[in-house]
Amino acid sequence: MSGKGGSATPTTYSPSPQNQKKPKSLIFKDDVDWVRPDGRGFQHCRPAFLRTGAVSAASGSAYAEFGNTKVIVSVFGPRESKKSQMYSDIGRLNCNVSNTTFATPVRGQGSDHKEFSSVLHKALEGAIILESFPKTTVDVFALVLESGGSDLPVVISCASLALADAGIRMYDLVASVSVSCLGKNLVIDPIFEEENCRDGSLMITCMASRNEVTQLTITGEWSTPKIHEAMQLCLDACMKLRMVMRSCLKDSASSQE
Amino acid sequence: MVGLSLGEKHFIQGGIAQDLRSDARKRLTYRPIYVETGVIPQANGSAAVKMGATEVIASVKAELGKPTSLHPDKGKVAIFVDCSPTAAPAFEGRGGEELSAELSTSLQQCLLGGKSGAGAGIDLSSLSVVEGKICWDLYIDCLVVSTDGNLLDALGAAIKAALSNTGIPRVQVAAGATGDEQPEVDISDEEFLQFDTSGVPVIITLTQVGKHYIVDATAEEESQMSSAISVSVNRHGRICGMTKRGGAGLDPSVILDMISVAKFVSEQLIIKLDSEISAAEAREEE
Numbered sequence: 001m002s003g004k005g006g007s008a009t010p011t012t013y014s015p016s017p018q019n020q021k022k023p024k025s026l027i028f029k030d031d032v033d034w035v036r037p038d039g040r041g042f043q044h045c046r047p048a049f050l051r052t053g054a055v056s057a058a059s060g061s062a063y064a065e066f067g068n069t070k071v072i073v074s075v076f077g078p079r080e081s082k083k084s085q086m087y088s089d090i091g092r093l094n095c096n097v098s099n100t101t102f103a104t105p106v107r108g109q110g111s112d113h114k115e116f117s118s119v120l121h122k123a124l125e126g127a128i129i130l131e132s133f134p135k136t137t138v139d140v141f142a143l144v145l146e147s148g149g150s151d152l153p154v155v156i157s158c159a160s161l162a163l164a165d166a167g168i169r170m171y172d173l174v175a176s177v178s179v180s181c182l183g184k185n186l187v188i189d190p191i192f193e194e195e196n197c198r199d200g201s202l203m204i205t206c207m208a209s210r211n212e213v214t215q216l217t218i219t220g221e222w223s224t225p226k227i228h229e230a231m232q233l234c235l236d237a238c239m240k241l242r243m244v245m246r247s248c249l250k251d252s253a254s255s256q257e
Numbered sequence: 001m002v003g004l005s006l007g008e009k010h011f012i013q014g015g016i017a018q019d020l021r022s023d024a025r026k027r028l029t030y031r032p033i034y035v036e037t038g039v040i041p042q043a044n045g046s047a048a049v050k051m052g053a054t055e056v057i058a059s060v061k062a063e064l065g066k067p068t069s070l071h072p073d074k075g076k077v078a079i080f081v082d083c084s085p086t087a088a089p090a091f092e093g094r095g096g097e098e099l100s101a102e103l104s105t106s107l108q109q110c111l112l113g114g115k116s117g118a119g120a121g122i123d124l125s126s127l128s129v130v131e132g133k134i135c136w137d138l139y140i141d142c143l144v145v146s147t148d149g150n151l152l153d154a155l156g157a158a159i160k161a162a163l164s165n166t167g168i169p170r171v172q173v174a175a176g177a178t179g180d181e182q183p184e185v186d187i188s189d190e191e192f193l194q195f196d197t198s199g200v201p202v203i204i205t206l207t208q209v210g211k212h213y214i215v216d217a218t219a220e221e222e223s224q225m226s227s228a229i230s231v232s233v234n235r236h237g238r239i240c241g242m243t244k245r246g247g248a249g250l251d252p253s254v255i256l257d258m259i260s261v262a263k264f265v266s267e268q269l270i271i272k273l274d275s276e277i278s279a280a281e282a283r284e285e286e
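Protein chains in written order, with UniProt numbering: chain A, 1 to 257; chain B, 1 to 286.
Treat the hints with caution; some may be incorrect.
To be verified - Below 25 Å or equal to it, Euclidean Cα-Cα: the simulated BS3-like pairs (lysine-lysine) are:
no., chain 1, residue 1, chain 2, residue 2
1, B, 115, A, 226
2, B, 76, A, 114
3, A, 82, A, 114
4, B, 9, A, 135
5, A, 184, B, 74
6, B, 50, B, 272
To be clear, the hints were calculated from the coordinates, so they are not data collected in a lab.
Construct the entire structure; sequences and hints are all you get.
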């Protein structure tokens with residue numbers, strides 16, 4: 001290693017103690033004016049970085065980065081269905097979501113989210129025109145590279161972008177946003193620390209231009225006016241996210257010419 | 001279930017549009033519910049629920065364990081669903097795994113509340129024995145014996161009945177245990193703690209067929225659904241969980257309408273379930 005000019009002592013690496021874990025409770029729910037750990041407002045989503053064409057071997061692919069949550073999705077197909085499966089005159093969708101072992105601070109911790117695959121399937125099946133590829137299967141493989149909170153909504157949005165990149169016919173792009181309830185506050189697009197101490201969550205997946213909700217999941221205790229408020233918040237955010245996804249697709253299409 | 005002919009499909013859809021289903025029920029009427037408690041003597045609590053031809057069994061077993069470091073003053077609850085091949089030949093081996101995972105997750109979401117433990121149907125702090133060291137782990141195992149639609153509602157009812165039948169043994173902690181030592185515990189043979197299930201929510205699944213919603217769909221009606229929503233409502237009318245169960249997209253105003261219909265139906269269902277559970281326990285005591 002090249003040392004700094006003129007320095008006699010060799011440069012050695014020692015992990016600096018300041019990089020150790022930050023204090024655990026950054027979140028004080030009962031404190032009226034607590035600020036979110038990353039300084040966002042309660043109703044601000046993280047800035048989204050989206051790129052298509054991340055995997056050249058796949059029919060379509062996309063990479064998404066929302067703060068610390070990084071996801072890559074590949075779409076293969078439409079390809080011939082397995083011979084063991086019955087004849088079907090509409091297409092089939094096969095989804096798989098997996099975490100890398102280094103996605104969470106503790107190795108291998110995130111691998112117990114087996115239901116993400118079925119939630120992704122339900123979110124996408126309402127948007128894809130399955131009649132356009134009978135007898136065949138479209139495979140969607142999502143890999144969470146880093147889990148920084150709000151993983152599933154990012155996976156769904158990224159998967160819909162990858163399907164569009166693959167040229168699969170859809171009714172509309174699917175955008176997904178989740179809201180966490182911390183005490184009396186509704187916090188949109190929560191990060192990992194906020195998700196761990198939440199009282200409830202609401203995740204919406206919708207096709208914004210058709211005003212149709214394809215997936216909705218609520219946990220925790222909610223009163224009906226709170227559900228109204230959270231749904232309205234999420235639907236607005238989904239509409240803006242869809243605009244971002246659309247401009248990403250337009251950019252990649254124009255750069256190919 | 002054999003496939004339906006086009007005529008049968010139209011019959012089901014047309015009947016629902018006219019508020020008259022194939023078994024003469026109205027759209028928002030449940031099938032007769034039959035509850036039996038104490039069916040598994042070796043478990044701490046158990047119940048079998050029959051809704052028409054759908055039959056499920058739920059059993060609760062309590063074991064001593066260590067609480068998590070995030071919540072040292074709370075016990076743990078785990079819910080598992082197993083779809084037995086007696087219900088459908090497709091469930092043999094790994095066939096029923098996807099459905100079991102989906103049902104387990106939906107039940108956990110509906111009954112266990114948010115990550116911080118708020119809004120849980122079961123009071124987890126009553127399961128703590130020695131804070132930070134010993135707590136009760138509840139394992140709720142459900143078995144689907146026969147399926148004719150509306151599994152989630154039946155499972156929710158069975159869990160509610162099993163929990164009200166559950167008795168946790170009394171535990172005596174040896175005094176004088178200090179620091180990091182594991183305290184000695186003496187589990188008595190007489191059952192002591194009966195669960196307070198007034199906070200446990202019920203699950204209502206609303207299936208949309210055409211332009212109308214029905215409650216408690218049979219397998220035939222479920223095959224005609226465009227989409228379905230399962231809402232979990234507790235005694236006080238608060239929503240404790242909700243999942244959309246696949247299918248076509250729904251307008252947000254339709255979803256909010258379905259939530260209010262679910263709340264309306266839940267009032268009658270809770271009353272019906274409570275009376276069935278107390279009747280079952282009275283029968284068991286004889």
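Taking the hints in turn, this is what the structure says about them:
1. 115/B - 226/A: holds (18 Å)
2. 76/B - 114/A: holds (20 Å)
3. 82/A - 114/A: Measuring from Cα to Cα gives roughly 23 Å; hence the hint holds.
4. 9/B - 135/A: Satisfied, since the Cα-Cα distance of roughly 24 Å is no more than 25 Å.
5. 184/A - 74/B: holds (23 Å)
6. 50/B - 272/B: Measuring from Cα to Cα gives roughly 14 Å; hence the hint holds.
Every hint from the earlier list agrees with this structure, and none is contradicted.
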